[in-house]
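Peer 1: Sequence:
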Amino acid sequence: MLTRACLRKMKPNSPYLDNFLDTGEHPEDQRTYVMFHGTSVEAAELIEKNGFILSKADISMLGAGVYVTRDIQKACKYPLGVSNSKRRVLKVRVDVGKVKIIDQQDHPMQKTWHTEHGYDTAWVPPGVDMVESNRQENCVYDPKRIKVMEVMKVNKKTMVFGSRKPAQNFATGPGAVFGSTGSLGLSSWSFSHFLLRFEICSTRSFSSAV
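FYI, full-length UniProt numbering numbers position 44 of the sequence shown as 44, with every residue one higher than the one before it.
There's no promise every hint is true.
[Stated by the list, open to error] Simulated DEER-style distance windows between Cβ atoms:
| # | residue 1 | residue 2 | range |
| --- | --- | --- | --- |
| 1 | D103 | E42 | 20 to 26 Å |
| 2 | D142 | S85 | 30 to 36 Å |
| 3 | G127 | N50 | 33 to 39 Å |
| 4 | A57 | K98 | 28 to 34 Å |
| 5 | S83 | Q104 | 32 to 38 Å |
Calculated from the structure, these hints are not laboratory results.
Remember, predicted model here, so these are calculated numbers, not experimental data.
Just so it is clear, CB atoms sit at the ideal spot from N, CA and C, and this is done for glycine as well.
Go ahead and model the full structure; you've got the sequences and the hints to work with.
Peer 2: Here's what the structure looks like:
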């Protein structure tokens, strides 16, 4: 299995080795992390132009804020009720500031973590029953803490990494980065996670591994 040390040898100066957490890892205060936000094509264009707008406090799980996730598969499912061709995933850099863990439904600080307690980000770990998908969620109160890095397309069976940058290949021969997911021993999510660590942007599709 690929380790962080192994990845660092391949691309030692990549900031994503430090800033790209696995979905279950606890985010540390005052750090910057890579996350994702699923939205529509139209909304993605507006966000790129004008920035994020806070969701309404009364209808949102964690109150007002911008909802992002470190789980790219979760982001690819939004917005609900539309085809993948109308979806976009924003890859964003998030300055989390002071983080509060919300690990149960009806948590006493579920909607007051910022307004009354001064936290900048609320994090719901994976497996908490307050999230229907059982996947992790982050809510960032100040949109200025979020910077859009890239807008990515979503394909029905695979993720297509649309980019304004040329593709970069960091390995050649058997078991290369652009080989099959099986050759790397990674799940489809882990493989896409691995690619994103290195800012590899390609329109190539990757089949899901078993």
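Peer 1: Determine for every hint whether it applies to the structure shown.
Peer 2: For each hint, the structure was consulted:
Under the hint 20 to 26 Å, the C-beta atoms of D103 and E42, about 34 Å apart, miss the expected range. Evaluation of the 30 to 36 Å hint for D142 and S85 yields a pass: the beta carbon distance comes to about 32 Å. Separated by about 35 Å at the C-beta atoms, G127 and N50 satisfy the suggested range of 33 to 39 Å. With their beta carbons about 19 Å apart, A57 and K98 fall outside the hinted range of 28 to 34 Å.
Between S83 and Q104 the CB atoms are about 35 Å apart, so this pair conforms to the stated range of 32 to 38 Å.
Hints 1, 4 from the list above are not met by this structure, while the remaining hints are.
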